[in-house]
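On the provided structure of chain X, position chain B as indicated by the hints.
Residues per chain, in single letters:
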Amino acid sequence: MAIIERPVTTQGVEIAPPATPSRAQGGFKRPVSTTGWKSWLFTVDHKKLGIMYGVMAMFFFILGGLEAVLIRLQLAAPNGKVLSASVYNQMFTMHATTMVFLFVMPMAAAFANYFIPLQIGARDVAFPRMNAFGFWCILGAGIFINLSWFFGGAADGGWFMYAPNSGPIFSPSHGVDFWALGLQIAGIASLTGAINLIVTVLNMRAPGMSLMKMPVFTWLQLVVQFLLLFAVPVITVALFLLSFQRNFGATFFDVSAGADPLLWQHLFWIFGHPEVYILVLPSFGIISEVLPVFSKKPLFGYPFVVFSGAAIGFVGWGVWAHHMFASGLGPVSVAVFSISTMAIAIPTGVKIVNWTLTLWGGKLRFTAAMHFAIGLIVLFTIGGLSGVTHSVAPSDTQQTDTYYIVAHFHYVLFGGAVFGLFSGFYYWWPKVFGKTLNEKLGKANFWFMVIGMNMTFGPMHILGLQGQPRRMYQWTEARAGEGFFNLAFWNQIASIGSLILTLGIFLFIVNVIKTARSKERAPLDPWDARTLEWMTSSPPKEHNFDVIPTVHHLDEFFHRKYEQDPVTHEYKQIATAEEIMADQEAHADKHIHMPSPSYWPIVLAATLPVIMIGVIYSIPVAIVGGIFLVLAMFGWALEPSTAPETDFDPPASEESTKELSPLV
Amino acid sequence: MSTKIRRIVAGVSGLAATAFLAGCAKDAPQDTWQPKGTNAKTIDDLQQPVFAIAGVIGVIVTCAVVYCIIKFRDRGQAMPEQTHGKPALEIGMTILPALILAGVGVFTFRTVFDLSKTSDTQMVVNVTGQQWWWEYDYPAQPELGITQPIITSGQMIIPVGTKVLLRETSRDVIHSYWIPALNGKRDAVPGRVHTLRLDADEPGIYAGQCTEFCGLSHANMRMETVALSKEDFAAWVANQLTNAKSPAEKTLAKEGEGVFLNQCVRCHQVNGLKKADGTPAIAAPDENVWAGAAPNLTHLMSRNTFAGAAFDLLSQKCRADVWGASSETVGKKYLAGVTEECLNQTDLRRWLRNAPAMKPMYADPAKLTSTNGKYRGMPNLGLTEDDIDKLVAYLSTLK
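First to last, the sequence lines map onto chains X and B. Mapped onto my numbering, the consecutive letters of the first sequence carry residue numbers 1 to 664. Mapped onto my numbering, the consecutive letters of the second sequence carry residue numbers 1001 to 1399.
The shape of chain X in the complex, shown without the other chains (with noise of 0.2 Å):
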């Protein structure tokens, strides 16, 4: 473990008081509340962020899809006049840096912080202090961001902010000032979880658990953390370009001082397109969790997912000037990016072959949670093929910035990172709350989003191809023609679609508070998982497991509970998830060390959005706010620990060599 200071109780295991804190170089004491809202605010706990993540991203969702509606209901008849010109652009501007940056991404995050460490049978995070920073960072840029909209209007220059549309002749308002500062501090909460979890991967698997013994979910998590540590920075430069050239005067996009605008698409893209793999592998890596263990199958070709995984990984870094087909790079450049993007195709094939395959032959269960992970499959493929039609630079052409788009990255950011993320949370639901989701209500919630979605987005491929732009805040009559494909007709399904969309979402919802009120526990293992983090409690205690198991075999708890009969192939089971408990409390670990709480994350995170607002507003109230930073800073270093001197003895040599397990 990386920092062990305070010592918890187990059942079985002596109890011993929690040290009281004396010392406070730091300023503080260290804070040691287990209960109460102090344990939610001062914790360091990868569990109870994880779901601090969950419920801060769940609320961007709500907040972003009532934008979409507003979107949708503006667009339902020609001429809209729910709202104006200059709030619809803020609003489609808003909808996607918010399902993008606040919702997608730190959904992804909640599942990451809760399930790697329990999946490599590790106790917590490598830095739990550097855990809880980056929560407190991402919920202060997601409040930060939206403050624009009671300071003047919010950011309008669309989630991609071309320059030099985003500069401050053309959009003097301050919202492009939030949006560029708030996504910073956003930034900086992906650049630490991402070294975080790389660090905890790589470094605290449980003893055998090789990184192809690794379940494929950290496996993607993992090559999502590497695309973030190296995009995070491209858009961190772009923005503070954006920014000097808004608040200090810089000329970094100005045609006038000799710029070329193409420079901020380069920059975004090259960020934007890996923010495409990072949005979607995480739940490519749910699913394939989910679609094995209702299949009673191993997931197929795991060494194919996972490469196949790291290629996207690789590639993805090539493709960037994709979206910028019509921007006028020359022949060389659009046929060489044309070709890269055709071979991006190939990896994501071998996924959806897998999870196919995955199925073919198997025992299927079709739960909510299967429901939306087979959903996944065929609309992220609906998704992915018209990827390939714009792959070709010509084509693109004719659709690229048309809602044919729209409608491609809906299939595959809707279709496949959110529908994925809903098969996790009906498939998590019972480990990391105890209580299992109303399953009839989920299979509604489903059908509603899947219709729903459907007829939001699947129109959109019509209206694109019917030469419908994306962006516009009004469409007219003289150009939606006539016949079965006119421009009216499939907006106004649209429109509708979105509020059945938005009915799914709601059954969601109703689903979680009747599973809250609900008294029912769910069992220990309620869908016959294979994984490691079902090996304990549900929800599992703070230190995760009573013994870290040690792992022989890929799907190490289905191997603990299911024998091969050497004679007929068969396969018997030999354990119950109880008796497998059961055994790890009787043999549990007399002296664990877990990470004390912390206020110093919280008060570090709260100096950024003041350095932001002092940027826009009043350079002393930065800079007072970088003191505050700085301080703050020594304030963490100096945090005293709440364990006696002798707990930080170096670990006995048997321990020594459980800690770090081969790569391969």
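One or more hints might be untrue.
What the hints assert, rightly or not - To give a feel for the contact side, a few chain X residues facing chain B, derived at Cβ under 8 Å:
(1) 158
(2) 261
(3) 263
(4) 338
(5) 350
(6) 356
(7) 474
(8) 588
As the list claims (entries may be wrong) - Here are the simulated lysine-lysine pairs, BS3-like style, with alpha carbons at most 27 Å apart:
(9) X:81 with B:1317
(10) X:519 with X:435
(11) B:1230 with B:1163
(12) X:440 with B:1317
(13) B:1086 with X:572
(14) B:1086 with X:81
(15) X:363 with B:1086
(16) X:213 with B:1086
(17) B:1036 with B:1086
(18) X:572 with X:514
(19) B:1275 with B:1399
(20) X:572 with X:363
(21) X:363 with B:1071
(22) X:443 with B:1071
(23) B:1163 with B:1245
(24) B:1071 with X:572
Claimed, not checked - Derived DEER-like restraints, expressed as beta-carbon distance ranges:
(25) B:1119 with X:84: 43 to 49 Å
(26) X:516 with B:1049: 50 to 56 Å
(27) X:366 with B:1114: 57 to 63 Å
(28) X:563 with B:1069: 54 to 60 Å
(29) X:579 with B:1079: 17 to 23 Å
(30) B:1386 with X:477: 28 to 34 Å
(31) X:563 with B:1107: 51 to 57 Å
(32) X:477 with B:1262: 35 to 41 Å
Read the hints as simulated data drawn from the structure, not as lab findings. Just so we're clear, the structure is a prediction, and the values are computed from it rather than from any experiment. Think of the CB as a built atom: it goes at the ideal place given N, C-alpha and C, for glycine as much as any other residue.
Quick look at chain B alone, frame taken from chain X:
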């Protein structure tokens, strides 16, 4: 399959196909699947097979998933074999899509270079985007009858069957020129010149729309390319090369000229317009508008849209007549321009009364600090109804 079922299937699919084609025939004017020029056809020839292949693969995957759902449902069967995959199958399923894509890639590669050729250009038009309209500037090309540069806006006129090369740029933010029936889109980027090939097989009016988000009125930044027969094009050029004539004394239009000289000429040029003292009236949009340009109105009534092609200059009936005309008659009808009885008085008057109320623009004098007092768009000029009557009368003379 029994013959009966087969017949039903054939009948149904035949019906569906007919309905589909009938639907297509009168589709939106910006349909990307109805190419009307060689460049758009080149794109279409490439994309149709790709769409077909994608469709087939989509159906195969969906069928495979549905088959699994039906066939492998848990019916209490024994635990399936815990297989971790079949490498040969995996490798095969990796190579197969790679081969398909390699095939698509070869054709894509060729088409990309074909569509970027500029060596076969027969005519050049400089196209400049700004918030929120397009300016077309025809450099002198004597072999096409263009002896002097021509400047127009909103609608670009090209001769049919001629390989036109657009040289695009922008005066403020990025815009994108797109006439779906004629070619894909190309961004107009400030500080850069991008080329786009365009040609039309038949005379007609081809609709398009700015497709790079360009701020407040992006949705209202439309354009048309009008293809005319070579003779009609020559007639159009001849008309564009003339200067506007001052209306006869003592007419309402003459009074309108006075209003124009008072107000409009600060931004809008009318070639041949003279001030009261006989000197030429030169517009100075660079002093008033951020982009430094405003549409040249010398031949306003020769176009049938205004304000960035966002509104019709033709009344609904006349518009339908011109836009719905066959390729044989459209040229003559277009060249007739906007006659007195066809003028869309309602919208033109509304525009003159308060332009920013019709099309969102940054034209509030109180909110122009970021542009040093320059407008982005046309402000409300505070014209009286009397002035508007006069102006409409004057503008109607700008044939």
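Hint-by-hint comparison with the structure:
Among the interface hints, the one on residue 158 (chain X) holds; its C-beta lies about 5 Å from the nearest C-beta in chain B, closer than the 8 Å criterion. Using the Cβ-Cβ criterion of 8 Å, the hint placing residue 261 (chain X) at the interface with chain B is satisfied: the shortest such distance is roughly 6 Å. With its C-beta approaching chain B no nearer than about 11 Å, residue 263 (chain X) sits outside the 8 Å limit, and its interface hint is violated. At a threshold of 8 Å, the smallest CB-CB gap from residue 338 (chain X) to chain B is about 5 Å, leaving the interface hint in force.
This hint holds: residue 350 (chain X) has a C-beta 6 Å from the nearest C-beta of chain B, less than the 8 Å allowed. Because the closest C-beta pair between residue 356 (chain X) and chain B is about 5 Å apart, less than 8 Å, the hint holds. Given hint, residue 474 (chain X) at the interface with chain B, holds; its Cβ is 5 Å from that chain's nearest Cβ, closer than 8 Å. Below 8 Å, beta-carbon pairs count as interface contacts, and residue 588 (chain X) has none with chain B, the closest being about 30 Å; its hint is therefore violated.
Of the supplied pair hints, the one linking residue 81 (chain X) and residue 1317 (chain B) holds, its CA atoms being roughly 26 Å apart against a limit of 27 Å. Simply put, residue 519 (chain X) and residue 435 (chain X) have alpha-carbon atoms about 8 Å apart, close enough for the 27 Å limit, and the pair holds. Pair hint residue 1230 (chain B) plus residue 1163 (chain B) holds up; C-alpha atoms about 13 Å apart against a cutoff of 27 Å. Restraint check: the Cα-Cα separation between residue 440 (chain X) and residue 1317 (chain B) comes to about 57 Å, which exceeds 27 Å; the hinted pair is violated.
At roughly 24 Å between alpha-carbon atoms, residue 1086 (chain B) and residue 572 (chain X) fall within 27 Å of each other, so this suggested pair holds. As the CA atoms of residue 1086 (chain B) and residue 81 (chain X) are separated by approximately 57 Å, the hinted pair breaks the 27 Å bound. About 19 Å separates the Cα atoms of residue 363 (chain X) and residue 1086 (chain B), which keeps this hinted pair within 27 Å; it holds. For the hint pairing residue 213 (chain X) with residue 1086 (chain B), the CA-to-CA distance comes to about 18 Å; that is within 27 Å, so the pair holds.
Proposed proximity of residue 1036 (chain B) and residue 1086 (chain B) is contradicted: the alpha carbons are some 49 Å apart, above 27 Å. About 37 Å separates the Cα atoms of residue 572 (chain X) and residue 514 (chain X), which puts this hinted pair outside 27 Å; it is violated. Between residue 1275 (chain B) and residue 1399 (chain B) the CA atoms are separated by roughly 20 Å; this keeps the pair inside 27 Å, and the hint holds. For the proposed pair residue 572 (chain X) and residue 363 (chain X), the alpha carbon gap of about 15 Å is at most 27 Å, so the pair holds.
With a C-alpha separation of about 9 Å, the suggested pairing of residue 363 (chain X) with residue 1071 (chain B) holds against the 27 Å cut-off. Restraint check for residue 443 (chain X) and residue 1071 (chain B): the C-alpha separation of about 20 Å stays at or below 27 Å, so the hint holds. Taken as a hint, the residue 1163 (chain B) and residue 1245 (chain B) pair is broken in the structure, with Cα atoms around 34 Å apart against an allowance of 27 Å. This hinted pair checks out: residue 1071 (chain B) and residue 572 (chain X) have alpha carbons roughly 24 Å apart, not beyond 27 Å.
A hinted range of 43 to 49 Å holds for the C-beta pair residue 1119 (chain B) and residue 84 (chain X), which are about 47 Å apart. Checked against the given bound of 50 to 56 Å, the beta carbons of residue 516 (chain X) and residue 1049 (chain B), roughly 53 Å apart, stay inside it. The hinted window of 57 to 63 Å between residue 366 (chain X) and residue 1114 (chain B) is violated, with their beta carbons roughly 50 Å apart. Evaluation of the 54 to 60 Å hint for residue 563 (chain X) and residue 1069 (chain B) yields a failure: the beta carbon distance comes to about 30 Å.
In this structure, residue 579 (chain X) and residue 1079 (chain B) meet the distance hint of 17 to 23 Å, their C-beta atoms being roughly 19 Å apart. The hint said 28 to 34 Å for the Cβ distance between residue 1386 (chain B) and residue 477 (chain X), and at roughly 33 Å that hint holds. Roughly 54 Å separates the CB atoms of residue 563 (chain X) and residue 1107 (chain B), a value that falls within the hinted 51 to 57 Å. Look at residue 477 (chain X) against residue 1262 (chain B): about 36 Å separates their beta carbons, and that is inside 35 to 41 Å.
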